Amino acid sequence: MDDNIITQLSIFVNNEPGRLAHIASVLRECGINMKAFNLAESTEFGILRAIVDNPDESYEKLKSAGVIVRKTDVIGILIQDTPGSLFQAADIMGKAGINIEYGYAYNGKAAGAFFIRVDDPEKAVKILKEAGIGLILDSEI
Amino acid sequence: MFWNPKIECMPTEDLKALQYRELKQLVNNLYSFNKFYHDRMVEHKVHPDDITCLKDIAKLPFMYKQDLRDNYPNKMFTVPNNEIVRYHVSSGTTGKPTLVGYTQNDLDYWTEALARSFTSIGIGPEDTMQVSYGYGLFTGGLGAHYGAEKIGATVLPASTGNTERQVELIQDLGVTAIACTPSYLIHLLDTARNMGVDIQRDTKLRKAVLGAEPWSESMRQHIESYGIRAYDIYGTSEQAGPMFTECEERNGIHICGDIMLVEIIDPDSGEVLEEGEKGEMVVTMLKKEAMPMIRYRIKDVTMLMEGECACGRTSPRIARISGRTDDMLIVRGINVFPSQIEYTLLQIPEVGDQYMIYVSREGALDEMTVQVEIRPEAFTDKMEDMLALRGRIEAALKKYLNIYVKVELKAPGELPRFTGKAKRVVDTRVI
Chain C
0 MDDNIITQLS IFVNNEPGRL AHIASVLREC GINMKAFNLA ESTEFGILRA
50 IVDNPDESYE KLKSAGVIVR KTDVIGILIQ DTPGSLFQAA DIMGKAGINI
100 EYGYAYNGKA AGAFFIRVDD PEKAVKILKE AGIGLILDSE I
Chain H
0 MFWNPKIECM PTEDLKALQY RELKQLVNNL YSFNKFYHDR MVEHKVHPDD
50 ITCLKDIAKL PFMYKQDLRD NYPNKMFTVP NNEIVRYHVS SGTTGKPTLV
100 GYTQNDLDYW TEALARSFTS IGIGPEDTMQ VSYGYGLFTG GLGAHYGAEK
150 IGATVLPAST GNTERQVELI QDLGVTAIAC TPSYLIHLLD TARNMGVDIQ
200 RDTKLRKAVL GAEPWSESMR QHIESYGIRA YDIYGTSEQA GPMFTECEER
250 NGIHICGDIM LVEIIDPDSG EVLEEGEKGE MVVTMLKKEA MPMIRYRIKD
300 VTMLMEGECA CGRTSPRIAR ISGRTDDMLI VRGINVFPSQ IEYTLLQIPE
350 VGDQYMIYVS REGALDEMTV QVEIRPEAFT DKMEDMLALR GRIEAALKKY
400 LNIYVKVELK APGELPRFTG KAKRVVDTRV I
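Which chain is which? The protein sequence lines are C and H, in order. Numbering that gives the first Met the number 0 puts the first residue of the first sequence at 0, with every later residue one more than the last. Numbering that gives the first Met the number 0 puts the first residue of the second sequence at 0, with every later residue one more than the last.
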């Protein structure tokens, strides 16, 4: 498997008091550690997207705990600590017609990264690499 | 004031004799010419000859809304298609709506009933009536419209919505009476106040004919604090549409006895109850041609009022409708059956079979929210997809129920499960 493609877990959360706490407690009981996460919300529900340790195993654990969860592919762009570094990556993908659906930041071990979900992750990896943009590897998270 | 004093003030015995003659003729006709009712009479082992007095009506079998659905669209019609001059459509319980057809005579009797009713509350040629019931498949708009034209009033067919404009028209055209749902009138009064319009000072609006949804004496008092006298109107599409109102006495709704025969029954045993006893109303339409109704279980709870009205009319009166014997909800004047919502949800593969219905009143207007559980396989991690799914469910409900319903997506297992009788409807409206 391509080490540039990172498996993310997406979880459906009802937007009611205590629901996020409930999901968080399930994650704790399952021994799942979140590296980075993002929460998108509408009025009555939200979608929690998380980068976790051992996503395949975590996915099975969450599923058997009755959580609505889905595996999705994202890529992580390494962000240099200089102005314009996100712009460069976004601009390359925009010109290549790749749509960024959403993204969120990761305060990595060595360098910061920006996880993005795009409509064509393989193509995104290819053109970003060709343009010399650094990508975080699954093994580096 | 009387529109048709001969009938409206007819001695009770004469009215009963008239009702018997009409009933006898109706039963003979249906037995001979209407397959549905003929078969049902045979099934119940009753023959037209068994009807020898008015009370014998109790020997006849009931008709139900389900019969209308089973015979959709027009298998209940007893006249050839070229004699049908109009259709109205209302909600059915599941799947198919209820279709009502009218001959010209059917429309004329509907209009006649409204002409008597409007006259009884002092509306006449000098009045300008704004009809703010919906025009279209719903019976309210066109029904009130023709009734008001019949008595020579000036009619403003405003229909619903665009409320600020409606307030302006009330001012500009000197509107004196309005026909609409009570909650819409309260919304209109709020809108007028926000526009700086004082109804009593700046308009001539003094009378309101209100129906199509349940309302109460406290709503009447609220409306009357604006100097508007409010009258209850009753009627369903199976009868024709809104037909009967209170008179100036406002002590019960006068039923035109020559047009509709009312019985009150015990909904469980089907036994006919006495005047003054509360039960389920059963109606027999004595003049209807296109789609006769004999002992139709209307499912509204009321009672026949005892004694004669001080207004001088001898026509029977029913009390304000106090409930339903089924689970029908009335939301913004539209009839909604929970079974319709269930049926709609069953057509949508992305949602499960559990649901909850919440009805509330925000200001003057009803709000309905339906909660559904999404199926795990329908979950994508894109908000856009989830909102599109929600939008599709809302559109399906809107299309089927004809009102906007807010939908909320829930995770599987989030909604209550019922072991006994399911309580899926939470109605928090205070009427």
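Keep in mind that the hints were calculated from the coordinates and are not lab data. Hints are supplied without guarantee of correctness; some may be wrong.
Chain H is nowhere near these chain C residues, computed Cβ spacing over 10 Å in every case [stated by the list, open to error]:
#1 Ala39
#2 Ile91
#3 Gly102
#4 Glu139
Derived DEER-like restraints, expressed as beta-carbon distance ranges [as the list claims (entries may be wrong)]:
#5 C:Lys125 <-> H:Arg68: 58 to 66 Å
#6 C:Gly96 <-> H:Asn80: 52 to 60 Å
#7 H:Glu216 <-> C:Glu15: 35 to 43 Å
#8 C:Pro16 <-> H:Tyr86: 44 to 52 Å
#9 H:Tyr86 <-> C:Lys70: 49 to 57 Å
#10 H:Glu376 <-> C:Gly96: 53 to 61 Å
#11 C:Ser63 <-> H:Lys422: 25 to 33 Å
#12 H:Glu341 <-> C:His21: 22 to 30 Å
#13 H:Thr379 <-> C:Glu15: 18 to 26 Å
#14 H:Glu341 <-> C:Gly96: 22 to 30 Å
#15 C:Asn98 <-> H:Glu376: 37 to 45 Å
#16 C:Ser63 <-> H:Pro60: 53 to 61 Å
#17 C:Asn53 <-> H:Val425: 56 to 64 Å
#18 C:Ala104 <-> H:Met194: 18 to 26 Å
Only pairs whose alpha carbons sit at most 27 Å apart, straight line, appear in this in silico BS3-like list of lysine-lysine [claimed, not checked]:
#19 C:Lys70 <-> H:Lys34
#20 C:Lys62 <-> H:Lys381
#21 H:Lys95 <-> H:Lys34
#22 H:Lys149 <-> C:Lys122
#23 H:Lys149 <-> C:Lys34
#24 H:Lys149 <-> H:Lys206
#25 C:Lys128 <-> H:Lys381
Being a predicted model, the structure only gives us computed values, none of them experimental. C-beta: ideal position from N, C-alpha, C; glycine also.
Hints, one by one, checked against the model:
1. Ala39: violated (5 Å)
2. Ile91: holds (23 Å)
3. Gly102: Label holds. Min Cβ-Cβ 13 Å, cutoff 10 Å.
4. Glu139: It holds; Glu139 (chain C) is separated from chain H by about 23 Å at its closest Cβ, greater than 10 Å.
5. C:Lys125 <-> H:Arg68: 58 to 66 Å: holds (60 Å)
6. C:Gly96 <-> H:Asn80: 52 to 60 Å: About 58 Å separates the Cβ atoms of Gly96 (chain C) and Asn80 (chain H), which means 52 to 60 Å holds.
7. H:Glu216 <-> C:Glu15: 35 to 43 Å: Once the Cβ atoms are compared, 38 Å apart, the range 35 to 43 Å for Glu15 (chain C) and Glu216 (chain H) holds.
8. C:Pro16 <-> H:Tyr86: 44 to 52 Å: holds (50 Å)
9. H:Tyr86 <-> C:Lys70: 49 to 57 Å: This hint holds: roughly 53 Å between Cβ atoms.
10. H:Glu376 <-> C:Gly96: 53 to 61 Å: violated (30 Å)
11. C:Ser63 <-> H:Lys422: 25 to 33 Å: holds (31 Å)
12. H:Glu341 <-> C:His21: 22 to 30 Å: holds (28 Å)
13. H:Thr379 <-> C:Glu15: 18 to 26 Å: holds (21 Å)
14. H:Glu341 <-> C:Gly96: 22 to 30 Å: violated (44 Å)
15. C:Asn98 <-> H:Glu376: 37 to 45 Å: This hint is violated: roughly 24 Å between Cβ atoms.
16. C:Ser63 <-> H:Pro60: 53 to 61 Å: holds (56 Å)
17. C:Asn53 <-> H:Val425: 56 to 64 Å: At 42 Å between Cβs, range violated.
18. C:Ala104 <-> H:Met194: 18 to 26 Å: violated (49 Å)
19. C:Lys70 <-> H:Lys34: Judged against 27 Å, a Cα distance of about 61 Å means the pair is violated.
20. C:Lys62 <-> H:Lys381: holds (19 Å)
21. H:Lys95 <-> H:Lys34: Given that 27 Å is the threshold and the Cα spacing comes to 21 Å, the pair holds.
22. H:Lys149 <-> C:Lys122: violated (73 Å)
23. H:Lys149 <-> C:Lys34: violated (76 Å)
24. H:Lys149 <-> H:Lys206: It holds: about 18 Å lies between the C-alpha atoms, which stays within 27 Å.
25. C:Lys128 <-> H:Lys381: holds (26 Å)
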